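Q: Spelled out from the first residue to the last, the chains are:
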Amino acid sequence: MLKEIKALIDKEIKLELRQKYALNGMLLYIVSTVYVCYLSFRLKSNQIDKLTWNTLFWIILLFTAMNAIAKSFTQERFGRLLYYYTLASPVGIILSKIIYNTILMLVLSLVGFGVYAVVMGNPVEDMGIYLLSLVLGAVGFSSTLTMVAGIASKAENSATLMAILSFPIIIPMLLMLLKISKNALDGLDRGSSLDEILTLLAIDGIVLVLSVILFPYLWRS
Amino acid sequence: MKNNWYKFLAVGLLYYVLIWGFLGRIPRQPVLHETARNLYFHVPMWFGMFTMLSVSVWNSIKYLRSPQTLFDTKAAEYASTGILFGIVGIATGSIWARYTWGAWWTNDVKLNGAAIGLLIYFAYIILRGSFNDEQQRARISAIYNIFAVALLIPLLIILPRMTDSLHPGNGGNPGFKPMDTEHTMRIIFYPACIGWICLGYWITNLRLRLKNLEQIHQENN
Chain A
1 MLKEIKALID KEIKLELRQK YALNGMLLYI VSTVYVCYLS FRLKSNQIDK
51 LTWNTLFWII LLFTAMNAIA KSFTQERFGR LLYYYTLASP VGIILSKIIY
101 NTILMLVLSL VGFGVYAVVM GNPVEDMGIY LLSLVLGAVG FSSTLTMVAG
151 IASKAENSAT LMAILSFPII IPMLLMLLKI SKNALDGLDR GSSLDEILTL
201 LAIDGIVLVL SVILFPYLWR S
Chain B
1 MKNNWYKFLA VGLLYYVLIW GFLGRIPRQP VLHETARNLY FHVPMWFGMF
51 TMLSVSVWNS IKYLRSPQTL FDTKAAEYAS TGILFGIVGI ATGSIWARYT
101 WGAWWTNDVK LNGAAIGLLI YFAYIILRGS FNDEQQRARI SAIYNIFAVA
151 LLIPLLIILP RMTDSLHPGN GGNPGFKPMD TEHTMRIIFY PACIGWICLG
201 YWITNLRLRL KNLEQIHQEN N
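So the protein lines, in turn, are chains A and B. Residue numbers for the first sequence follow the working numbering, so the first one is 1 and each next one is one higher. Residue numbers for the second sequence follow the working numbering, so the first one is 1 and each next one is one higher.
In short, the hints are calculated from the structure, not lab data. Be careful, since some hints might not be right.
With a straight-line Cα cutoff of 27 Å, these simulated DSSO-like cross-link-like pairs (lysine-lysine) come out [what the hints assert, rightly or not]:
(1) B/Lys211 to B/Lys110
(2) B/Lys211 to A/Lys154
(3) A/Lys11 to A/Lys182
(4) A/Lys182 to A/Lys154
(5) A/Lys154 to B/Lys110
(6) A/Lys6 to A/Lys50
(7) A/Lys14 to A/Lys50
(8) A/Lys182 to B/Lys62
(9) B/Lys211 to B/Lys7
Here the structure is a predicted model, which is why all the values come from computation and not from measurement.
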């Protein structure tokens, strides 16, 4: 099982590195979105308040995640998917996709955060917790969106569907992430975010378990 | 007659609610005054919506366990009756809010929860619309139904902690129970809930029968 997942993740990474334009495209996507926001707000220094700074960043991340993960099932051809179907178990496939997308999201959100902090200023006071919220966000977004991408890829207008299916169900996660990162931004005591972190871990757990249970049904069709 | 008892129950109870809801005595309360009668119409809508949506999810689970078209049509029809109840609930609540809180829409926990729930089910309907193949539609919409509801539950637990509610019984507001010392409201409210749920079941059954007839008609032509 573990071997299978490892092999599948290797395959995803190789595939990604072979088509560098997709990865570079996503990096450029987040960088240019940040820049568009920067110019739209016409920031001098520190004119934007912390709440807006934080919310804007998470909205950018959410859209980047949607774009990056939407292609995880449409990228490969139908015939190749059929080939995997004969080789690997559905649980292995969904777990490897989730892990791979988490890694991808981590890279994207760290690069995005770097660019964002450079152009928009960096008011974060508790860097450790903020980075932790980025990690938790990467795990949460990738696990939810991978499953939704699987659902949307079976339908016809999958780009629109991806958005309308995922937005309402990602809200609880987003609210928790905003709370944690806002606490980190204000440099509050770390204990005050503990409750939110645990809730977020619980939601991530629910999503993972559900994905493992439901994906076999999706994969069969 | 035997199978139609719920129709008589629905008609009887709803007549009772209509007549005594408008004529019966209600406790005198500041701010609420006569609008308290909306309790018999607004609140049962949510009970009805939750019942219909739970039945819908239950049918989705049954479909995944044994794929029969009947379960899928049931899941879809119960979901649309649930949406109907949700819309009427929001409409009655909005009017009530206008006269007691002074605004059509407030940033309230329950309003946000209801809105997100409706968004999920609108997405569900759109997802259903984007498949041509019946079996695939049935399976994938069942997967989304279960996945979305499982993520809606943490939201309903999380939201109340984010903001206070204006609703009775939340955020330090007194509920209806202590006001209703003479039980004049209770004896109408509980029958109202049962009556509306029976009506929802009736509507769904009519629609199921219509669907069935349409299918037979199509097969004959």
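Q: Hint by hint, say whether it matches the structure.
A: We went through each hint and held it up to the structure:
no.	hint	result
1	B/Lys211 to B/Lys110	violated, 34 Å
2	B/Lys211 to A/Lys154	holds, 25 Å
3	A/Lys11 to A/Lys182	violated, 37 Å
4	A/Lys182 to A/Lys154	violated, 37 Å
5	A/Lys154 to B/Lys110	violated, 33 Å
6	A/Lys6 to A/Lys50	violated, 40 Å
7	A/Lys14 to A/Lys50	violated, 39 Å
8	A/Lys182 to B/Lys62	violated, 42 Å
9	B/Lys211 to B/Lys7	holds, 20 Å
Comparing the model with each earlier hint shows violations of hints 1, 3, 4, 5, 6, 7, 8; every other hint is respected.
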